[in-house]
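Please put together the full structure from these sequences, using the hints given.
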Amino acid sequence: IATAQIPAIKHLEIYFGTDEYGGTSSLKDIKPLLDRTDLPKLEYLGIKNAEFLDEVAAAIPKAKILKQLKTLDLSLGTMTDVGAAALAAHPDAFKHLDVLDLTRNYLTKKGVAAVKSLAKKVITAEQEQADDDGDGDVYRYVSITE
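In this text, residue positions in the sequence shown follow this note's numbering: the first is 36, and each later residue adds one.
Simulated from the structure, these hints should not be mistaken for laboratory data. The beta carbon of each residue, even a glycine, is placed where N, CA and C say it ideally should be. Check each hint, because a few of them may be wrong.
[Claimed, not checked] Quick list of the computed label-pair ranges, beta carbon to beta carbon: (1) Asp172 <-> Pro42: 39 to 47 Å; (2) Asp170 <-> Lys130: 40 to 48 Å; (3) Ala165 <-> Tyr50: 19 to 27 Å; (4) Asp167 <-> Glu78: 16 to 24 Å; (5) Lys99 <-> Asp167: 34 to 42 Å; (6) Pro126 <-> Lys99: 15 to 23 Å; (7) Lys145 <-> Pro42: 38 to 46 Å.
Dropping the structure here:
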């Protein structure tokens, strides 16, 4: 998908999943997509249901494709306040967006506050809570697994 010849595409959503069910994608796999300049009609990009959204958040402010988007959808994944801070560190990169969708990630109130004014509309509904069973391990899950 990242290198497909699809110059007329306007809306692209990619759902990644979890490594527990065979999802092996990473930022490396979508980096070619983020650096594209040959998709002039693309207005909506969804990088969704991904375990690596903190990494995407760090890379996306410098992505060539970002400048043409109206909607950036990074929902249903495992983004934490680390990713929110990475986005918030580059407010000028997102000010042109009509919508930044961060629904159902793992942002705390602090993370939500950090991103709330990045785009014309920022959606942060239904943030998840990490599972902490008290053994020191914290688990975060993408929204769609089974």
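To see whether the hints hold, each was checked on the structure:
1. Asp172 <-> Pro42: 39 to 47 Å: Once the Cβ atoms are compared, 45 Å apart, the range 39 to 47 Å for proline 42 and aspartate 172 holds.
2. Asp170 <-> Lys130: 40 to 48 Å: Holds, since aspartate 170 and lysine 130 (Cβ atoms, about 42 Å apart) stay within the stated range.
3. Ala165 <-> Tyr50: 19 to 27 Å: holds, 21 Å
4. Asp167 <-> Glu78: 16 to 24 Å: violated, 39 Å
5. Lys99 <-> Asp167: 34 to 42 Å: holds, 38 Å
6. Pro126 <-> Lys99: 15 to 23 Å: Holds: the Cβ-Cβ distance is about 18 Å, inside 15 to 23 Å.
7. Lys145 <-> Pro42: 38 to 46 Å: holds, 41 Å
In terms of the numbered hints stated before, the structure departs from hint 4 and from no other.
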